[in-house]
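Chains as they are written, first to last, in the working numbering: chain V, 1 to 190; chain X, 191 to 855; chain A, 856 to 991; chain R, 992 to 1289.
Accuracy of the hints is not assured; some may be wrong.
Part of the chain X face toward chain R, derived, beta carbon under 8 Å [to be verified]: (1) Gly543; (2) Glu544; (3) Gly547; (4) Gly548; (5) Arg549; (6) Tyr665; (7) Gln666; (8) Glu667; (9) Lys672.
Straight-line Cα separation of at most 20 Å, SDA-like style, residue types lysine to any residue; simulated pairs [claimed, not checked]: (10) Lys670/X <-> Asp1183/R; (11) Lys597/X <-> Ser29/V; (12) Lys299/X <-> Ser976/A; (13) Lys408/X <-> Glu418/X; (14) Lys92/V <-> Ser69/V; (15) Lys188/V <-> Thr1101/R.
Think of the hints as simulated: they come from the structure by calculation, not from any bench. All values derive from a computational prediction rather than experimental measurement. Built from N, CA and C at the ideal position, the CB exists for glycine as well.
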Amino acid sequence: MPEQSAIVLEPANDFLFFVQSHTGENIASCYQCGKCSAGCPTAYAMDLTPRQVMRGVQLGLKDEILDSSAIWLCVSCQTCSLRCPREIDIAKVMESLRLFSQAEGRPPAQREIAVFHSAFLRQVRLFGRLHEVGLTITYNLLSMHFFNNIKRLPGMLARGKLKLMPQTMKGASEVKQIATRVKELERKSS
Amino acid sequence: MSRIGVFICHCGTNIGGVVNVPQVVEAAKRMPLVAYADENKYTCSEVGQASIRDAIKEQRLDRVVIASCSPRMHENTFRRTVATAGLNPYLLEMANLREHCSWVHSDSKDATAKAIDLVRMAVAKVARHESLFPKQVGLTKRALVIGGGITGIQAALDIASAGHEVVLVEKEPSIGGRMAQLDKTFPTLDCSACILTPKMVDVSQHPNITLLTYSEVKEVRGFVGNFEVDILKKAKMVDYVKCTGCGNCWQACPERIPSEFDLGLGRRSVIYIPFAQAVPNKPVIDIANCRYERYLKWKETEEGPEPPQCRICEGVCPTEAIDRSQRDEIVTEKFGAIVVATGFKTFDYSVYGEYGGGRYPDVISSLQLERLMSAAGPTEGEVLRPSDGVHPKNVVFIQCVGSRDDKVGRPYCSKVCCMYTAKHAVMLKEHDPEVQCYVFYIDVRAGGKDFEEFARRAQDETGAVYLRGRVSQIYQEGKKLKVLGEDSLMGRLVEIDADLVVLATGMEPSDNADVIAQTLNISYNTYNFLIEAHPKLRPVETQTDGIFVAGTCVGPRDIPDCVAHGGAAAAKAVVLLSQDSLTTDPLTSFVDPMKCVGCFACKEVCPFNAIEEQITRDGRTISSVNESLCKGCGLCVVACRPGAINLRGFTNQQLLSEVLTLVGR
Amino acid sequence: MSADNEPLIIGFLCNWCSYAGADMAGTSRQAYPANIRIMRVPCSGRVDPLLIVKCFEEGADAVLVAGCHPGDCHYSEGNYYSRRRFALLRELLDFMGIEKERFRIEWVSASEGKRFAKIVSDFTEDATKLGSRKVS
Amino acid sequence: MAPVESNVAKSIAERVYSYYPGCSLHATAAEYDVSARLVCQKVGIELRELEDWVCCGASAAHSTDHLLSLALPAHTLKQAEEKGLPLAVPCAMCFSRLKFTLHELENKDTLDLVSRAIGKELSTAVTVKPMLQVLADENISLPIAKLLIGLKVACYYGCLLVRPPEVVGFDDAENPQTMDRLMERLAAEAIDWGLKTACCGAGVAFARFDIVLKLSHRLISLAQRSGADCIAVACPMCHANLDMYQKDMTAKFGQKTELPVLYFTQLMGLALGFSPKELLLDKHLTDPLPMLRKKKLI
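All chains should be modelled from the sequences, with the hints used to inform the complete structure.
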């Protein structure tokens, strides 16, 4: 735990404004009851609980939030959003924070998760559908956990749960086009 | 030909500093019908008022314009002034040269020009003023109190002791309300029944109070001082003259059903009194559940198997007080004032699926805990958990259930939960020293005399562990309840294996609070809490004269506040009832019978039901205004197509002339 | 009528909220242009659309009606009527060749002095842009 | 919840569905795919698989690329729209992504943007139903061959089927009953337990195996202690997390973790008289056959 200096509050809280305007969620209305954290399945593993993430946004602590592992450990199970007494869609905010963090090119605090996501999408972009063996291999290469899940592969192959060759289909080309169009549209919008 | 006097006030430099007063005076003198114009340093001062009185006499003025501050400030003052000079007080008009002119404009030229216009408008209007005379109406010196909880009890006792007749209407078989269900009260921990019961008895014995239990208000007609109320008296099936309340019947009754008073934790007979100290201490028969009544129902059709005839109660009654011939009846009574004290019910926690939604027997409400702790309760004061009747050791309290929660449409704070939970923590420890209490809270709100000290006591002395956070989920795990929360002060998750979970359910208005409000024509908010005339300055009055509100039907309150509130409402009612007649504001609307075509568009828009149908001598049905009900809003005037209705003090002609003096060429 | 007070704005203020709001503007010295002439009415629901038309007919440049916020009406529902009526009136004005921007209905509570001042300032500005109505 | 009722009402007439298996059902979750097809056939529901469906993007897409996370499901929705049939979706993740997309497409601008992304004019006029809802429809009669008497089932719904209610509009978000009622129709006993909508760890299995172990173990052990003979699921990801790692759990948390995890369609299949082989009951890593034999169900 690095030494912490006192929080310096900016009179103009740009980060709060930014997050609120992009998510359409009134984060300022959070009164820190912690019901989100209490029901969060992964909160125990987070560096900041979801409640603390909301607080951080309220105080405009951009770096702490966008570099936190919390935003990456959120599994979007929606429990927090379902129960929030202030009706804040916390899961949605978490998702947006992930996107902001990436947009700023910050190294994700949970590298493996980010790597998994990109490995996953790579598969989809390639074949239009997910190819699990491919995913496992790509992921392991990218994450440098070469033998992750390998010990389970034989068992699964034996039970015919995994196909060694990816299935391809017309859709694959479609997806490539979609992906490229998405990239263009996003470039335009930003 | 009227002679108008205009008096322009400098208000020190407040007006004079910006507006060129002498110039306004000169302009005023040249205005039509103005016979006299003068200026004062301070018109509201005794000197200033004297100068007006003198001028009225010397100049034989018959109308007066005072150009000074806002009429909201001094209109009444100056009405008295002109009255003492022998003029009708309604022959006065004011021009607002201060709030609306000198205080908001800095350019003297513009301000003076505007001041002159304002005076001109006032002159034009006052020329069309008429002498108005407030009316006197009689009143019935009786009060109706709706609701027999602690608030209604207090109000009834106070009004009755002031010497006025009171009818107290309570829908349950006994008065006492929620307070009767409580075991002890914070922060003093005195026994609720011990302090409430004497008051209940006072009510039953007070010569000025008529107690109508098992009754409901159905319809209200009339207006302040002269209400006419239909009251439904539900059939009790017991003759209270004969009944001695010996109790044979309710002991003998073979049927047992869940007791409303014990919130389902205990059972009661079908011929019953809700609780031992009930007032009146005489039973009613709950017809829906009575075996014999069911038999009688069957008798009519003879469909299906024949249910048993019971009538045991009748057998054991020594005074033959059971009277099956009784039917619901409506009685109509006259009142001068009405106090509404319909109270609250606790929030139904079953909407919280994450807390089991009522599936887990050992997740109970605080009010249920009160019943478990009460010596007169289903467990005779032994705190035993509902599922298996063992003494709970780990007890978790959850605050703000149905309070401060937009998700369930209850964003408001219920005010009492923090305190009663602290009370429960203290008392559970007294009941059983081995109990460990955990209290999940968001904020501890202990504003009130000795409250904070008491809330501290729960933590400091009885070792209750307070955890700042809202519980997210409860689930059954074997005989334990797993409670998932966060200690937001540490930022760490907390899991507790509880034997019993108590939900601090918030307050919401009793059922049909809105229906009652509609019958009384008083307003209520989105949660059905009744709305007072002014949240600070008129806390027990309503927009409808003669109807007062008190207690938790207005908003969450604790017992001392309710008692004070009930007393306050009583005081207001007494002030009203102690008058011999009521003066009505003459600024009301009135109908020109010749113009009215009887379309009653006016009747539809009138918020106060002040428009009545009247048959003229030549047999036409036309509107007429009940001036005691009319509040002078003027909606009817605008609605009236033939222009038959007009509003005194704001007639069409007056408004028009104001406009014309301004823009007319 | 002096040329300085052009455009001339007539304001109908309900006694319970808006008139008090204008008083509040005064007590808190919230300055605004001197073009407005305020008339006190018991309720915005008392203001007859025909009277508004009359104002314009007689050469007023703009008219403001202000009442309690919906739901806060002292007479419980008066302002609902005015809201509906004046929504219609605006359209009608257009039809009569009077720019509907010259007519406004606003909700001002007794405590909103600052807001009242702002409304009048803005309205005066807009009315000035529209220019004075030369009635033939 | 209005949407539920309206869907149910419509489904009275519906016996033909477009079918979107999703990636998992073509691989790890083959047994879900197979059993679902068998059961549907048996009860007279026709499934027509969309030819060119693509991956829904799962959590990867919406965690990293918002527009892509809408475009991928939109492509599939478009196909369903063209077919003009309601869409039956077995995988909870796919179901959730499709529903989210439909929800987002309510917004006109989003609709246009996504339409441009997939190069086709989109509409939101598609009914998307989870396989569970399709099969639990009261109006569908079940030709039951073997009653599952004595079988205690812990019905597990997970997150995505029921949350967020305003988006998925299916059953109760805190205490769903659809699968429980369905199991009772098969004469099995649906036990009441507190974690039927808790999270199993979902997609973090690869990156943070420890989390999945902890969460899934919490579920299984509660189900075990609540007396369940097996857990019934309606989601391939839940199934993978609960079924595959039980040995690791036993190793990590001491006490033996062994509880068969079956797709609800497999249990239906059993009741409707299909053989364990047909239902690929032998494909699970935690073998359910011994338990089923003990219960005399096979």
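Hints and how they fare:
For Gly543/X, the shortest C-beta to C-beta distance to chain R is roughly 3 Å, which falls under 8 Å, so the interface hint holds. A hinted interface residue such as Glu544/X counts as satisfied when its beta carbon comes closer than 8 Å to some beta carbon of chain R; here the least separation is about 5 Å, so the hint holds. Checking Gly547/X against chain R by beta carbon gives a least distance of about 6 Å; that is within 8 Å, so the hint holds. This hint is violated: Gly548/X has a C-beta 10 Å from the nearest C-beta of chain R, more than the 8 Å allowed.
Checking Arg549/X against chain R by beta carbon gives a least distance of about 7 Å; that is within 8 Å, so the hint holds. For the restraint placing Tyr665/X at the interface with chain R, the shortest Cβ-Cβ distance is roughly 2 Å, inside the 8 Å limit, so the hint holds. Checking Gln666/X against chain R by beta carbon gives a least distance of about 6 Å; that is within 8 Å, so the hint holds. Satisfaction of the interface hint for Glu667/X is found here, the shortest Cβ-Cβ separation to chain R being roughly 6 Å, below the 8 Å cut-off.
For the restraint placing Lys672/X at the interface with chain R, the shortest Cβ-Cβ distance is roughly 7 Å, inside the 8 Å limit, so the hint holds. Under the criterion of a C-alpha separation no larger than 20 Å, the hint pairing Lys670/X with Asp1183/R is consistent with the structure, at around 15 Å. Restraint check for Lys597/X and Ser29/V: satisfied, since their Cα atoms lie roughly 13 Å apart, inside the 20 Å limit. Pair hint Lys299/X plus Ser976/A holds up; C-alpha atoms about 18 Å apart against a cutoff of 20 Å.
At most 20 Å may separate the alpha-carbon atoms for a hinted pair to count; Lys408/X and Glu418/X meet this at roughly 11 Å. For the proposed pair Lys92/V and Ser69/V, the alpha carbon gap of about 16 Å is at most 20 Å, so the pair holds. Annotation: proposed proximity of Lys188/V to Thr1101/R holds, straight-line Cα distance about 15 Å (limit 20 Å).
Hint check: a violation occurs at hint 4 only; the rest are consistent with the structure.
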